[in-house]
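If you read the sequences in order, they're chains A and B.
Per the numbering used here, residue 1 is the first one in the first sequence, and the count goes up by one each step.
Per the numbering used here, residue 1 is the first one in the second sequence, and the count goes up by one each step.
Just so you know, these hints were derived from the structure itself, not from any lab.
Each hint can be trusted.
Some, not all, of what chain B presents toward chain A, calculated at C-beta under 7 Å:
1. 20
2. 23
3. 26
4. 27
5. 30
6. 31
7. 46
8. 47
9. 48
10. 59
11. 779
12. 781
So the derived label-pair ranges between C-beta atoms look like this:
13. B/745 / A/93: 25 to 33 Å
14. B/22 / A/9: 21 to 29 Å
15. A/84 / B/25: 33 to 41 Å
These stretches of chain A come out as covered by chain B in the derived footprint (C-beta under 8 Å, 3 or more residues):
16. 42-53
17. 69-77
18. 84-97
19. 107-116
None of these values were measured; they are calculated from a predicted model.
Quick reminder that beta carbons are idealized off the backbone N, C-alpha and C, glycines included.
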Amino acid sequence: MSADDGVPGLSKRLTAFRTRPNAWLGAIGLGIVVGALLGSVHWVGLFAGGAVAGLGQRTILRGVGAGALAGLAVWFVFLATLRLDAAMLPALGSMPIIAVSFGIAVGYGAFGGLLRGVV
Amino acid sequence: MGSSGDGVPMNGPSGQTTRRALLAAIAGGSVAAGTLSPVQGYLQDFAPLSGDVWESAATESRDLSSPYGPATVRYDDWGVPHLEADSEAALFYAAGYAQASDRLFQMDLQRRVMRGRLSEVVGESTLDSDEFHRRMGFAEAAEVTWQETKSSPAGDATEAFTEGVNAFRRDGPLPPECSLLDYEPREWSPVDTMLMEKQISWGLTGSFRTLRHANLRGALDSATYDELYPRRLDHDYPIIRDADGGLPDGASDTSTTGDATHIDPPPAPLLDWVSGFETEPWIGSNSWGVHGDHTDSGRAMVANDPHLTLMVPPVWYELHLTGPEFDTRGVTFPGVPFVVIGQNQDGAWGFTNVGADVIDFYRYETEDGQYRYRDEWRDYQTTEETIPVSGGEDRTITRKQTVHGPVLERAGYEVAVAWTGHGPTRTTEAIYDYNRSTGFDDIREATEKFDEPTQNLVYGDSEGNLLYYATGAIPIRRIDGEPVRGDRIFDGSAGEGEWSDFEPFASADWDGDGFVPFEEKPHLDNPDYVGTANQRVVDDPEHYLGEAYSDPYRGIRVYQELDARFQSDEPFDRAFSRRLHDDALDLRTEGLVDDLRAAADSVGIPDEQTRWMDALDGWNRRMTVDSRAALVFQFFVRELRRLVATPILSEAGLDPEDESLYPRTWTVQHLGPDSVAFEGRDRDEVLVDAFTAAVDTITDEGYEVYGDYNDTSAIRHSFDQDFLNYPTYPTDGSPETVNNYHRGAPDNTNIAGSSWRMVVDAGVGGDCILPGGNDGVFLSPNYDDQLKQWANTAYRDFTLDVDGDVRFRFGGDEQ
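Just need the whole structure built from these sequences, with the hints factored in.
Shown next as structure tokens:
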């Protein structure tokens with residue numbers, strides 16, 4: 001049994017999508033939006049954002065990379081929100097927890113990107 | 001070998017499925033792992049955007065409702081809230097909300113300490129603390145104090161404040177520390193606010209010196225004890241230097257000794273236990289005031305810098321209350337609605353600790369679980385309590401109380417404690433009245449209700465008036481009707497040393513025979529100037545006050561500078577006070593440095609240490625960050641105290657490492673070669689030994705100048721995490737200089753120093769600084785923004801202008 005048997009429509013549509021020019025970039029952009037929106041509610045949103053970014057890539061490795069990149073971008077969005085509260089500089093000086101937040105964003109983005117190899 | 005087009009080799013359909021399953025398992029597993037401890041905790045706390053810890057960074061303006069009507073809270077660039085409202089209740093509701101947003105964890109932590117509920121979130125390591133605080137009954141003392149306060153205007157304000165705290169607790173983000181410990185603070189109550197009064201009062205007057213000295217007296221011969229632990233330090237700089245100043249005619253030393261029953265001294269286990277929870281010897285303060293006749297402004301000038309524990313966030317919280325009959329700015333203890341030290345439109349006030357003896361100890365004849373009190377056998381009043389312990393087994397204790405107060409016990413030795421704070425004190429009402437005061441007369445009247453702690457009040461008003469008053473209820477203990485000192489353990493069964501009309505946790509007649517009458521407490525009405533630095537209050541007090549005064553170095557120095565300025569043609573101004581705050585001249589050097597150099601010439605020192613001895617040549621005796629001499633001198637004094645004390649304590653069977661048993665530095669400094677301390681040894685050799693030990697320590701630590709050692713790195717958050725601790729800056733000052741900094745023990749405990757510096761021209765404003773920042777949330781730019789200036793003894797403006805952007809705007813109808 002292949003993945004196509006389980007979600008044939010989705011897989012075919014994704015394959016078609018990936019052949020479009022700049023599809024990879026759009027997927028990353030969408031992944032960032034999804035990651036930022038859902039990630040504001042729950043950390044699983046970071047995984048979801050990474051998955052969306054990864055699914056639009058042509059290879060698994062690119063999928064993982066795109067997921068990590070989306071996570072990184074969401075982390076910068078996070079820093080920007082802290083800046084609105086004048087908390088960015090204090091936060092950047094807050095080792096090791098700021099590093100933990102970075103790891104969570106990039107790590108869960110990358111784990112989400114792994115789904116490229118599933119669908 | 002084929003490819004799916006994704007660049008990853010696979011081996012046919014089966015291999016492709018396996019790979020997909022593996023990747024799905026990894027991806028799914030990462031999500032599943034996030035639901036498991038401890039990963040779950042990290043994600044919940046630190047995940048970007050959704051992590052609980054980051055929520056506390058929010059500083060956007062919020063529109064809120066208040067049951068008491070409109071109010072606004074503006075925050076200025078230093079994170080100081082300026083509160084405005086048309087009604088007192090609305091003002092204090094907003095104050096509660098603002099304080100909670102900035103310091104809720106600190107408030108809860110202090111409450112937990114005093115209620116004995118620390119182990120509930122921390123674990124077994126704090127069980128001793130919880131047991132002590134429960135046995136002392138601080139929560140019950142706060143309860144009876146609230147019953148006294150609640151029907152007053154201060155009580156109304158406290159209730160509104162409480163509601164404000166709880167409103168934030170419900171809808172504000174939790175403090176990061178609560179997220180990290182994974183708990184939510186309980187509802188705040190007015191009793192909790194009273195508990196803050198108990199905490200600071202205990203911290204300033206809760207001394208077990210009587211027990212410790214009973215032990216010393218029992219272990220040492222009287223000649224040794226009397227010389228090393230004199231009742232009075234020999235100096236001429238008490239706070240009130242003119243014997244007639246402020247005291248009633250005929251004032252004299254009536255501090256009789258009386259005949260008292262001999263009581264066995266307490267055992268070491270009891271002293272070891274309680275010594276962890278008492279007022280610390282390095283807690284002190286400076287303040288001075290100048291009458292308006294002698295200032296450039298024509299108004300009185302008040303300067304104050306209380307030397308309390310330095311910690312993260314600071315022990316003080318600054319706020320500005322503006323409302324009907326309120327325009328008051330200054331610092332308070334988190335959890336207290338009113339300004340404790342500060343200024344209003346008509347005056348300014350500050351405090352230092354008196355060091356009065358407001359605590360006594362009683363032993364009893366016991367039999368079959370009862371104690372004898374006079375002619376009858378009585379049951380102890382007992383209460384069983386369970387201390388909850390996080391991650392451990394809960395502990396149940398049985399609290400005991402006698403007619404005199406709560407009972408402390410270790411190693412089968414019981415002692416009851418009577419403390420003024422166990423009564424229904426009215427200090428909250430007094431402070432409330434200070435905030436609304438319009439001048440000298442108001443303050444003097446309000447001070448009559450200032451029952452705890454015993455403080456040196458310095459107040460000045462815009463008309464130039466100046467007031468000094470020793471506040472607080474001071475017990476008069478009696479034996480057979482005669483007043484006696486409170487520096488011994490009393491025979492409780494015989495009714496020795498009791499205070500009239502005082503029933504712990506119930507009632508007290510503060511104006512009755514059991515306490516020093518208000519007009520007979522040391523005070524000065526409109527002196528030219530006054531300086532206080534925890535030294536002896538007056539040479540000949542009418543009543544016994546105590547003997548736990550600080551070494552007089554700072555007191556002498558403050559008066560030297562005040563005297564010199566007064567005798568010059570220049571009027572006093574704020575610049576004078578700022579310079580005096582920065583004064584790092586250390587009077588411990590007097591005699592000691594010259595004696596040390598002479599001893600080194602006589603005894604000799606190792607060649608490699610001569611550069612440190614040479615550093616003392618021509619030294620200006622100031623404890624400044626770039627000084628090598630200051631560095632070696634600081635360690636030399638420490639070693640000298642140790643070398644003087646340890647052989648004597650060892651021989652007496654006492655713990656030679658217990659620094660609380662060491663003689664005072666002033667005493668050690670003035671011990672001559674013929675002192676009992678140098679029997680069988682040569683003073684010069686002891687001096688040199690102290691010096692070489694000091695240099696060894698400095699060398700081992702790699703210090704070169706005083707600032708390498710004397711820095712702010714010792715000021716720590718209770719979690720001691722790097723991201724919560726403050727940055728490190730070198731700072732001037734020593735434990736005995738006016739610019740005060742007690743660097744503390746090597747484990748970064750016992751840190752104390754100027755916890756707030758303030759210089760005010762009454763009714764106009766002045767200068768201030770906190771050792772850290774006003775906001776207790778580590779993500780705030782105001783978390784540590786004052787620390788560097790504080791370390792450099794610099795200041796910021798301290799005015800009654802309302803400043804900043806609105807962060808909280810409360811609407812709603814006034815009740």
